[in-house]
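> So the chains spell out like this:
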Amino acid sequence: MLIGLYNYWIVVALMMLGFFIIIAHGNLIKKLVGLSIFQTSVFIFYISVAKVEGGSAPILAADTSVYSNPLPHVLILTAIVVGIATTALGLALTMRINEAYGSIEEEIIQKQDNQS
Amino acid sequence: MTLHLPILQVIVPLIAAPLCMFLKQYPKAVWLFSLLASALTLLISALLLQQVLTSGTIIYELGGWQPPWGIEYRIDQLNAYLLLIISAISTIVLVAAQTSIEKELESYRQSYFYMLYLLSLAGMLGIVATADAFNVFVFLEISSLSAYALIALGKDRRALWASYQYLIMGTVGATFILIGIGLMYQMTGTLNMNDLAQRLPEVAETRTVFVAFAFTVVGICLKLALFPLHLWLPNAYAYAPSIVTAFFAATATKVAIYLLIRFTFSIFGLSFSFTTLPLQTLFLLLGLLGVFIASMTAIYQNNVKHIFAYSSVAQVGYMIVGLSVGSALGLTATLIHLFNHALMKSALFLALAAVMYRIGSVQLNQFHGLGRQMPLTMAAIVVGGLSLVGVPLTVGFVSKWYLVLAVIENGWWHVALLILLGSLLAIIYLWKIVEAAYFKPPVHEAGTIKEAPYSILIPVWVLIFANLYFGIDTRLSVEVAQSAAQSLFGVAP
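If you're matching them up, the sequences are chains A and B in order.
Under our numbering, the residues of the first sequence are numbered 1 to 116, in order.
Under our numbering, the residues of the second sequence are numbered 117 to 609, in order.
Since the hints were derived computationally from the structure, they do not count as laboratory data.
Computed from a prediction, not measured in an experiment: that's the story for all the values here.
It is possible that part of the hints are untrue.
Distance condition first, Cα-Cα at most 20 Å in a straight line; then the derived EDC-like pairs of lysine to aspartate or glutamate [said to hold, decoys possible]: (1) A/111 with B/272; (2) A/111 with A/99; (3) B/271 with A/113; (4) B/271 with A/99.
Here chain A is said to cover these stretches of chain B; the calculated rule only asks that three of the stretch's residues, wherever they fall, bring their Cβ under 8 Å from a Cβ of chain A [as the list claims (entries may be wrong)]: (5) 246-255; (6) 269-276; (7) 291-304.
Each residue gets a CB set at the ideal place from its N, CA and C atoms; glycine is no exception.
Turn these sequences into a full structure, and let the hints steer you where they fit.
This is the structure we're talking about:
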């Protein structure tokens, strides 16, 4: 049970790790790193789901009859693209925030907002 | 041509968005072009609604691939109703956009604004039109990513920070939905909503499905700003360009409510959501808490955009209370309020765009004396506000009426009382604005402030008249909402 489902344990561990970083860290770049880890864990989850025991790559061949499910792979390709777009946008925003506030620490930004 | 309307609905703004770049040098041309695209989606959605009302649900197979293998677009009454609301509000807001955007954004950013606006519109229409669970996630991210960028266009540097916070929370929410969809796929092997609805009951009593449900609902609730997951909303609405706020306040949360209805009522089914799991109590509690806490917070705000943003959170609370009733009448109340709230909030925020255009600020102390200096704009805010409170002859009354009816039908007298009490709180924050505009000595010298330009005033008053018209002639909103609600209950086991 514990070892047989090790891929799911990795997914959950990564997911919680990423989520924790998003919540606990005040540095905007670190938050984005956390977000990326969080998203990546979901990618691994989808790919785990696609695995069929004893199945080969989903390419039609004469000597195989069992294939892995290719659909989750396709889905996750889309999700990866979305993830890249999110990270890029987040980094761009962080740059603009740094120009406007002179800092990328949540505490300092909020202090400046409260003053104005 | 009419055969392909369901996909054209989404494709038109999606293709129009990048085409805007060819006209980049001429912001005014880009505006006309996007207005044309948006008006076209409005036309398509009106045709779709008419088609659905006369001949029933439209099923469209993308690329001719049969569902559940291919992606299916399915337009039933609920979808067509939502599509019409979104495309209509988008078009009216876009009419006013040029004047306001020219003033609020640097010239090199204006063309990008329209492009992002169209992308966001395409995303929202896509979420509603599709019947594929994964497709929902993709469109959700299209609309959200462009929303983050649109909010970051705000002049105030706090817009950047608000956008960043929204990005983090929104992405967490969308990823939650993705996890939920993955778990559902794992259990059923399908992504088609109809197929999911048929296959989920067989495996409903498993922990995987419980977890899938929890992730999906929490993710959607983050998107719809249900209390206490609303923290991203007030600042994002307050510091975004005024036009963006008017568009999102009227449409973005509505799309999320639609998703919630789809997932809890059609896919998981009412008995699973409300009987097997305690969603009913949870929704009732959070909805009412949202109404009260957000309304109280609104009373203490000094930025008028903040006041209306918190009021949006409160109005979402009413819609969730309507859902929690769990009857066809309750769902009808939610759907009517969805339509009506879109009318009120787009009118109010557009009026604020007019104030922003003339004064450059929406702080409450800048409103002093505006009742005489900008009489038409202020009158619009008062009428829109009365509609928000739920005064008879406005749309707000119609939705409160149905909500109270639905709650009383269930025997929840105390909830009905609380709903009325919540409306009183709305009077208080509305009064603060009225007092500032009409009863305080003017802060701006006489003659320096003129009435807002007609290009903004006309759309505002079109929306205000819609607020009054649909408060009296409820045929469109109530009848479609009623039959959509009944058909959802007919399908749900």
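> For the stretch 269-276 of chain B, do three or more residues have a beta carbon lying closer than 8 Å to a beta carbon of chain A?
With 3 residues close enough to chain A, the hint holds.
> Quick one, are residue 111 of chain A and residue 272 of chain B close enough, alpha carbons at most 20 Å?
16 Å, holds
> Given as covered by chain A, does the stretch 246-255 of chain B meet the bar of three residues or more with CB within less than 8 Å?
holds (count 3)
> Within 20 Å, alpha carbon to alpha carbon, are residue 111 of chain A and residue 99 of chain A?
Roughly 16 Å between the alpha carbons, so the hint for residue 111 of chain A and residue 99 of chain A holds.
> Measure nothing beyond the straight line between the CA atoms of residue 271 of chain B and residue 99 of chain A; if it is 20 Å or shorter, mark the hint as holding.
This hinted pair holds, its Cα atoms lying about 14 Å apart.
> Are residue 271 of chain B and residue 113 of chain A close enough, with their CA atoms no more than 20 Å apart?
Holds, because 14 Å separates the two Cα atoms, which is no more than 20 Å.
> Go check the stretch 291-304 of chain B versus chain A for me, would you? Three or more residues, Cβ under 8 Å, otherwise it fails.
Result for this restraint: holds, n = 6.
The structure fails none of the hints (numbered hints given earlier).
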